[in-house]
Each structure stands twice: as structure tokens, then as C-alpha cells.
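Go by the hints and put chain F onto chain B.
Protein chains: 2
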Amino acid sequence: MGVLKFSVPEIFFGRGSLKYTGMCARRLGAEKIFFVSDPGLEKSGWIDQVFEILDKEGLKWVYYSDISPNPRDWQIEKGALLYKKHGCDVVLTLGGGSPMDAAKGIALVASNGGRVNDYEGANRIQLPLPPMIFIPSTASSGSDISQFAIITDMERQVKMSIISRTLVPNISIVDPALLVTKSRELLIAAAVDALSHAVEAHVSRIASPMTEVHSLKAIELIVKYLPLALENRSMDHLEKLSMAGTSAAMAFSNASLGLDHALAHSLGGMLDAVHGTIHPILLPQVMRYNLSECTDKIAQIGEVVLGRSLESPLATALAGIEQLEGYFQSLGVATRLRDIVPDRSVLPQICKMATYDSCLLSNPRKATAEDMMQICNGVW
Amino acid sequence: MGVLKFSVPEIFFGRGSLKYTGMCARRLGAEKIFFVSDPGLEKSGWIDQVFEILDKEGLKWVYYSDISPNPRDWQIEKGALLYKKHGCDVVLTLGGGSPMDAAKGIALVASNGGRVNDYEGANRIQLPLPPMIFIPSTASSGSDISQFAIITDMERQVKMSIISRTLVPNISIVDPALLVTKSRELLIAAAVDALSHAVEAHVSRIASPMTEVHSLKAIELIVKYLPLALENRSMDHLEKLSMAGTSAAMAFSNASLGLDHALAHSLGGMLDAVHGTIHPILLPQVMRYNLSECTDKIAQIGEVVLGRSLESPLATALAGIEQLEGYFQSLGVATRLRDIVPDRSVLPQICKMATYDSCLLSNPRKATAEDMMQICNGVW
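Read top to bottom, the protein sequences are chains B and F.
Heads up: the first sequence is residues 1 to 380, going by the working numbering.
Heads up: the second sequence is residues 1001 to 1380, going by the working numbering.
Since the hints were derived computationally from the structure, they do not count as laboratory data.
A few of these clues could be false.
Unchecked claim - To spell it out: a stretch of chain B is covered by chain F in this simulated footprint if at least three of its residues, at any positions, have a beta carbon under 8 Å from a beta carbon of chain F; those stretches are:
1) 13-22
2) 164-172
3) 210-219
Glycine included, C-beta positions come from ideal geometry on N, C-alpha and C.
Okay, chain B solo, but in the shape it has when bound (with noise of 0.2 Å):
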């Protein structure tokens, strides 16, 4: 085994969690605090019970929200220059993947100076970042407990991936009371992302037991307690869904994806679609594609999935799998390519720049462009 490296926030995990941001920020040495959120969760009203936190607490704040979905380098560039106005010492971001990301973005330049594509790839961030809080508003993105931001190079027009344990945030505040008004479609996409997120880390090449509890436990949360919180909407089982999302983020983050997210953000990029609705298409034939190369793995998952394990490794993985593909089906979202991609003409194309996603590089099997066109016709 070579050397493995895990780094996750400290969590401060449960309903009413949101009470200790003022807390925290103060712990971490905060005076001015730069708030990042975006305009769409102003209305939700959890923006101004942060402010009331901040100003209980005695701490001044800079709120910036000029960040867009899909997070631009001039929104960071901007708002890393107003960090430095108002000589900001704590970054704070409540919201989904877009502000998080931002915020890291804007974390990163205002102490490393330069532009924020600068940093592109992984591993290239010299200096130590100001301290930062997120408090996720999903509970899938995982930004909040993850080494990643991604940031749109308008210029290139390309998705920048930025990977670095620097980018990890210092405290993440997951507060399950966020989600109560969320529609049965989005708690969906988000559970399923995060089962996504769990079944790639766990047969990733660089897993580790580390992460390897963590994935396992967010595969069991989803598959147990996403039908039950649909049915009833109860803030326990709400929760369930906010844990399964922190662990398998704690396992992805530190062991990275695989092809089904190399083709998810191929095909996300070109056809706008959401995330979560493409994994139940892709996921289970990537799952067998996979399968000659982590047959013990595939297994383990298949006991949690199945609750048993069958008479061999193999067996337990075969039907681990369909009991998944049947699961994506009792939930009643697309499980066949065509019913999101309008023309098939496209998957060539995508399959292409699929081969270039970092995610490819810790896939338990290779795979070429032509792989994963078998792949997508298979599922077409």
C-alpha cells in the first residue's frame, strides 16, 4: 500500500447545527467575515438568520452574492478583490455546489494572489487559505467537505477542475433543517448523486479503509432511508439523507470517482443535464463494466444493497447490481439514455472528451472512447 492521504472538515452535523456559525467563525480567529451566497437562497430566509448570528456574536461581514450556477473566474476574481478591501479575514458560504465552489475560488486568490485559472489542475496551491465555514443548502454536492472546486473559464469556456487538500474548508455546518422544503425530484437527484459519489469512491484504485467505511455506510443510508423520506418527509429520515450525503462525500473526496462520472460530466456539459438524473442511466452498466476488476468490491456492495451475501463474491455483485438497477426503477426517474439525450449522434463526441476527465484515472478498469460508446448503447 502506498501512502493515503485523508483530510476531511470538522463537522458539525445535526438539525440546528447552523446555530454554532458564529461560534466557529470566532474559534477560527474571524473579526470581518466575507459571507458568499447567491440570490435564489436569499429568499429562503436562512440568510438573514446568519446575518442575526453574526451580528449576536459581535462580527462584522461583507455579503457578496454576484455568483451565477456554474460559478465564473471574473465572479472570483471580483469578489476576492472586495475580500481584500474590506481586509476580510474568514470566508463563510451558505448554499449549493455554486457559491461553495466560489467561495473556495475566491478563498484561494484572495491569499494566493494571481487569477484563479491560474490554479487549474491538482496540487498547485503554495499558500495557506484564510479559514472557512460552509453550510451546505444540498445534500449532495459535498463542496463543503471536498478537496475540489470547479470554476468556468469564460474564456475557454471550459470547467476548470482546481483539486488541492488546501481547498478542503475548515468547518462544515450540515444542518438536515435546510432540506424540509426541497421537491421530491430534487431529493432524489441529490440521494442518488450521493450514492453515485459512494459507489465510485468505494471501487476507486486509490480507496482506502479510511474511506472505504464511509462509502459503504452512505450506500446503506440511501438505500434504506431515501424511499422512507419520500414517503413520509420526516426530519429523521431527512437526516439520514444529510449523513449519507457527508459520508459519501468524506469518501469521494478522498478517494476520487470513476467513469461513471467521467461521462456524467461530459454529458453534463454539453446537455445542461442535472447530475443526478443521468447516474440511475449510467451507473449500473459502469458497475458491470467495472466488475472483472473488483469483484470483492462490487460484492461488499451488494451485501449492503441485498442485506446477505449470496454463494459467491460474484453472485452477491450480480445481484447487488440489479437490485440497484431495480431500485432506480421503483423510484420512477429515466433509466435509459434516450430518455435525456435527445440525439444520438452526440455520444461519440461525448464518450471523447469522457477520456480526458480526471475522474477516468482512479476507475477501477480502463477505458477507452470506445468503452463507453459500448457503454451508452448498451443502456441507449
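Chain F alone, transformed into the frame defined by chain B:
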């Protein structure tokens, strides 16, 4: 469920991970490092190796090794003065529990002022600490992972527990190569200590899904790999024990401990007994005492220890405890209290002292001094 808190350092794990020390320090903004160890480790050669790594990275350092076992308050204050005099900015330590706890105390006093004694108890630290990088030389104390520091108040002659999430180091570098020279006795004591951390954390009143996965993984690894590591001392098996110690520490740092440790601290303080020799005697009896309050949790441990479930959770739990007793016997360690306590008349005093131990707060079943006397008499 209330609000859970989960905090672990960034972890570099594996053979040769020591070489990342310089890079880690640089990434945390180090210019001049305060490096804490103890004289006993200097002849191991590891200290010189760290000096070389720091020199190569162009980092300055101040070395401080005036640390005794059970580090003392004045050693902390002397270290903190030296830290400030030299304008250090990062604390680094290589060693067992004593230099690690001392390093935490020095980082605390250097940044928060006053005396280390001012911070006794839970959550009394207000200001952030300088970045800390810890390299454990044993596989069990867990100080490199945990939010605890134990420092001796020389005037009152008591061991102070200082507990705060700000005491979690930024980075733990766990290099199993540091274990190769350990004796059979030390390997057993360390593994049994980690096993007791894992068992007590697992049944703790404040355990969470985030800690439970690590406690069960630690138990699984120790039961399986300690006998193999003792037999062939292969690096692969030593590495499993390092992983188990790290997993157990991730669990107990966040879930705390229980009755076995309350008694072990009290016995250890009075008799200077090695921590790891006490657990095989007390732990199974404490598990039986706790059984009525956490049958399902002990059954989960039983399932891991036995490799299967029996007809009921209670049957699995009981068989698991018996299996652990047999396991301890097979290691050839003391399994009766009379083997390590010279005089039975000290037991009432030991049990009385144990009632003040903060570990009792998270034990699943309440216990009076009389309850503890019954436990001690049962294993006399």
C-alpha cells in the same frame, strides 16, 4: 439526534509518509518550526531524519526535548516561552503520547497566553492555535488525532485533561515504518489499547454513524491482524495495526470513552500501570456490565469478532464478549486484576477516584463506586 461534532486532522498514512513532513509544514505557512520530541527518541534516528527533511525544504527550526513521561506544566511553559522568543509559527512533534500532549500544551500557551493550567476541562480555549503537525511513534495513543491533551499539574499532583476541538492537530503523519523496532509486549499493549478505545467509543452515548464505522473497522483489524503481526512481524500486518489505531482514535476522539477507561485512568494514576495491560482484565467485564443498555451495539461488535450473527442480538453480544476473553488469553497477557494490583485494599479508593473521570459521562450505563467495586471484584 442532537448536534454531532466530528473532527479529525488531515492524515498522511503509510510507509514513507514521514517524507511529507517538510511539504506539509510549508503548506501550513511555516517559516520557523518548533519541533518537540523526547530524549528517548533521539537514538532512534528518526529525529535526525526529520532535521534533514526540514533542512532540505529550507525551513528553520528550534528543537525542544525537555519533556518527561506524563509531561509537566512547567515543561509546557518553558516550551511556550522558547516558541515565542524564537518567533516560531508551526508546532511539529514526533513521539508517543507525552511529547504529543506537551506539543499541544505549548501551542496552546504560546497562542492563548496564561498558564496551561488555566485551560483544564472542556472547551475553554478561545483563540486559534498555531498549525500543528504530529508524527506518532506508537500506534495507539491517538493524540495525533484527538482533541485531548493530558498535562500534569505539579502543585496539585493531578493529571489535567484539556479537551477542545482546537487541540486536534492540522496534520497527522502516520508512518508504520516507525513501528518495526517495537517489542512483542509493546505491540500487544498498543493494539489492546486501541481495541479498548474502539469498543468504548462504539457503545458511547455520543457515538454517531461517523464514529461507528471507524470503531467497528478498528475492532475488525485488530482481531484479525494482531496475531498475524506478532507471528511474522511483516510490514503489511504492522500497517494494519497502525490503521486500526488511527481508526480507533478517529472514533474515540469524537465519541469519547467509558467506564473501562475511567477505571484504567484511576488504576494507572495510582499504580503507574501500563494502560494496555489493564484493558484485557477490565474490558470484557465492563461490556457485560453495560450489556443491558446497549445490547445491539455490543452485538455489532460480536458480529465483527465472531464473523457472523447468532440467533439473537443478545446471543451474538454474549458470544462476542466470550470470544474477546479467549482472544486476550491467547495473547498471554494478564487477565485477572490480582496479576497487576499488588494490594486489594486500594480498590475502594481507585473506584472512588474513577467516579470523577469525565469518561464516565459517555458510558452507556451509569456506574457508582459500588458498581465499579463489583466489576473489580468480579475480575480479581
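**OP:** Compare the structure with the hints numbered earlier in the document and write down the numbers of the violated ones, lowest to highest.
**Re:** Violated hints: none at all, because every hint is consistent with the structure.
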